[in-house]
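Residue numbers (this note's numbering), protein chains in the order written: chain F, 1 to 224; chain A, 1 to 264; chain G, 1 to 227.
FYI, nobody ran anything at the bench for these hints, they're computed from the structure. Positions of the beta carbon are idealized from the N, C-alpha and C atoms, including for glycine. Any given hint could turn out to be false.
As the list claims (entries may be wrong) - Looking from chain G toward chain F, a few residues come up when the C-beta cut is under 8 Å (computed): (1) Arg76; (2) Ala88; (3) Arg103.
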Amino acid sequence: MNLFQEAALIAGKDLRIERRARVVSQQILPFGLIVLLLFAFALDPDRGVLRRVAPGLFWVTVLLATLLAISRSFGIESENAARDGLRLSGLDGSAVFLGKAAALALELLVFEALLTFGVVVLFDVHLAALVPLCLATAAATVGLAATGTLYGVLAAGIRARETLVPVLMLPVVAPVLLGATRAWESSIDGPTSDAWPWVAMLGVFAVLFVGIGMLAFGPLLEES
Amino acid sequence: MSATALEARGSSERLLNPWVRRGFGIAALASLVALAIVGLAVAPPDAVQGDAQRIMYVHVPAAWLAYLAFGVTSVSSTLYLWPRTRALVWDRIAGASAELGVVFTSLTLVLGSLWGRPVWGVWWAWDARLVTTAVLFFLYLGYLALRRIPAAVDVRAKRCAIAALIAFVDVPIVHFSVTWWRTLHQQATVFNPKLDAEIHGSMALALWLGVLAFTLLYVYLLDLRYRLEVLDEDRDERELETAIADRVRGAGVPTAPGAVGVSS
Amino acid sequence: MPLVVRLRSAVCLLGRFPALAGVDLDVATGEVVLLSGGNGAGKTTLLRVLAGLVPLHDGEAEVLGVDLTRDRRSHRPRLSFVGQEAFAYDDLSVRENVRFAARISGRTDADADAVIDELELAGLADVRHGRLSTGQRRRLGLAAGLVRRPELLLLDEPHAGLDAPGRAFLDGVLGSAGREGTSVVIASHELDLVRPVASREASLVNGQGGGTLTGSPDGSAAGEVRS
Numbered sequence: 001m002n003l004f005q006e007a008a009l010i011a012g013k014d015l016r017i018e019r020r021a022r023v024v025s026q027q028i029l030p031f032g033l034i035v036l037l038l039f040a041f042a043l044d045p046d047r048g049v050l051r052r053v054a055p056g057l058f059w060v061t062v063l064l065a066t067l068l069a070i071s072r073s074f075g076i077e078s079e080n081a082a083r084d085g086l087r088l089s090g091l092d093g094s095a096v097f098l099g100k101a102a103a104l105a106l107e108l109l110v111f112e113a114l115l116t117f118g119v120v121v122l123f124d125v126h127l128a129a130l131v132p133l134c135l136a137t138a139a140a141t142v143g144l145a146a147t148g149t150l151y152g153v154l155a156a157g158i159r160a161r162e163t164l165v166p167v168l169m170l171p172v173v174a175p176v177l178l179g180a181t182r183a184w185e186s187s188i189d190g191p192t193s194d195a196w197p198w199v200a201m202l203g204v205f206a207v208l209f210v211g212i213g214m215l216a217f218g219p220l221l222e223e224s
Numbered sequence: 001m002s003a004t005a006l007e008a009r010g011s012s013e014r015l016l017n018p019w020v021r022r023g024f025g026i027a028a029l030a031s032l033v034a035l036a037i038v039g040l041a042v043a044p045p046d047a048v049q050g051d052a053q054r055i056m057y058v059h060v061p062a063a064w065l066a067y068l069a070f071g072v073t074s075v076s077s078t079l080y081l082w083p084r085t086r087a088l089v090w091d092r093i094a095g096a097s098a099e100l101g102v103v104f105t106s107l108t109l110v111l112g113s114l115w116g117r118p119v120w121g122v123w124w125a126w127d128a129r130l131v132t133t134a135v136l137f138f139l140y141l142g143y144l145a146l147r148r149i150p151a152a153v154d155v156r157a158k159r160c161a162i163a164a165l166i167a168f169v170d171v172p173i174v175h176f177s178v179t180w181w182r183t184l185h186q187q188a189t190v191f192n193p194k195l196d197a198e199i200h201g202s203m204a205l206a207l208w209l210g211v212l213a214f215t216l217l218y219v220y221l222l223d224l225r226y227r228l229e230v231l232d233e234d235r236d237e238r239e240l241e242t243a244i245a246d247r248v249r250g251a252g253v254p255t256a257p258g259a260v261g262v263s264s
Numbered sequence: 001m002p003l004v005v006r007l008r009s010a011v012c013l014l015g016r017f018p019a020l021a022g023v024d025l026d027v028a029t030g031e032v033v034l035l036s037g038g039n040g041a042g043k044t045t046l047l048r049v050l051a052g053l054v055p056l057h058d059g060e061a062e063v064l065g066v067d068l069t070r071d072r073r074s075h076r077p078r079l080s081f082v083g084q085e086a087f088a089y090d091d092l093s094v095r096e097n098v099r100f101a102a103r104i105s106g107r108t109d110a111d112a113d114a115v116i117d118e119l120e121l122a123g124l125a126d127v128r129h130g131r132l133s134t135g136q137r138r139r140l141g142l143a144a145g146l147v148r149r150p151e152l153l154l155l156d157e158p159h160a161g162l163d164a165p166g167r168a169f170l171d172g173v174l175g176s177a178g179r180e181g182t183s184v185v186i187a188s189h190e191l192d193l194v195r196p197v198a199s200r201e202a203s204l205v206n207g208q209g210g211g212t213l214t215g216s217p218d219g220s221a222a223g224e225v226r227s
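Looking at chain F on its own, in the form it has when it is part of the complex (with noise of 0.2 Å):
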């Protein structure tokens, strides 16, 4: 089997999991969707404010809820000694990598799409330029379940897991926070030329933790 093979394989499992445990749809969506509520209770829903802050407060959701999809996706592995089973698949860790990233991506794109007509109703946003912006979601996305299956398997095993991602992932994603923001804007409201830059540094990120998961994945699972 080649290393996708063996990816589609994880990601197969993780997703038919997802499938019939429904824990991103009937757990973290609803949880997205309270946030976005939340917001506005927060700020002010009558001057246009939302509106404006609309895309920095959906990747604020986003990012959140990646947390919770990172503990599910680890925590489906820490049942029944499930990561044994992984490291005695003689499976490649890059691919188990690949896989478990390839899953948490999906699950997140479904999030996001929903959570975007959740934007769309609650603030009053009109989404214009769709090209920059899917791109930007997407790789904004890709880096954001890579990096969030990396620290999901350096932090498993470990008793403060849940409490020690947020704490090491989140300064490391605020540049795709901060760069599908400002895509999303641009493709909102401003010139649409200006979301390119932000779409290509989105792109760089999401490769470079693809490659640096690869690599470090396996080595870490080994001692999970």
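Model the placement of chains A and G on the given structure of chain F, informed by the hints.
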């Protein structure tokens, strides 16, 4: 004898010869005194900022150290991860440097804030350099949180080294994206700290004294912190050998307590 | 006869605790070696060392021709570790879990279904792992371990919590291991059940002991048991 046991025996117990360390300490103290004299008394007050500008004589060196310590942590982590140079020395240096780094980064941020209040009128500004330093601070905190996990030394060392390298790769990205962000918004000109302005004479002397003093202090403290780490490990090693001996004798420790601290 | 397992003076740490403090072990091809010893003696740790899951702190270890002090991973596809936990996912069904185990070792879904039938799990094939009883879970663990047709089978207390159909199957596996060339190391308290099928016994006390083969050319004579 296993690789780790051999290495533990052969690894250095300190970075510097005790006399050299004392030398660094005394030199650091002397240059700090010199810095205080030149910075507070000899150098003239700034034409625009007045006496508040003197904070720069410690703020800039602190910032230099924050990034130097970060660099040392990153290089040490790389050396630890590279199979041919793998040795616990590097892990200890990385950890010690990170602790110093977080101290200097906090100092940088606080001093910057103290300077900003009289000069800019605000405690904080979203200037590219400040934001990057703030992110660096949080990267350090994450690393230090990871260092406290209860796990075997080599397991923890590997994880910390990887986390440090990820942070190292991330800082340029943060810097670039934040700089680009802030220049876009054209507000940087209002808050330009003018640190690149030409300074000469006693003001330049004060700055260089500051950099020298802080660097000497860093080396001195690094060696001290390194030794502390070695002492900790020695204590753990002795406890381990006692445990092995007990086990072999069959006394006292009947059941495994479960993998300590690391669970699934 | 080539040795499938060769351990000398193995020392192994779990965190800071010396789980193994000097173990010797030999296993020849086709042997069923019973690993006996009280709770906390280090049986599980020894099996994990053989699987390459735990590094050696000291000593020598060679399993399936691979030197574990250098490479703990490449021999893993050729062995199966069936432990207290089934390496399964609670949200997936029996069939999905066994098929996953099959696919990651390069076996087919048909192989998986065959093993499910052999272990009489066909009736439970669509039940989620989370809903199974302990005995059923242990059977699933066996199924997942055997579907990959390993050269070395490591069993950790396989009889514990295993129900009747599972025990029957297990006895069959142990009995035919020699014929099929599978080597088995089985850690167990059920000495009366396992001794009849074991070719040798190695005992551990406080992380020390084991059993090496002495002298005899065909390797089937009782090994010297040291403690």
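The hints, checked one at a time:
1. Given the 8 Å rule on beta carbons, the hint for arginine 76(G) holds: about 4 Å separates it from the nearest Cβ of chain F.
2. The beta carbon of alanine 88(G) comes within 5 Å of a beta carbon in chain F, closer than 8 Å, and the hint placing it at the interface holds.
3. With a least beta-carbon distance of about 6 Å to chain F, the hint placing arginine 103(G) at the interface is held under the 8 Å criterion.
Of the numbered hints given earlier, the model fails none.
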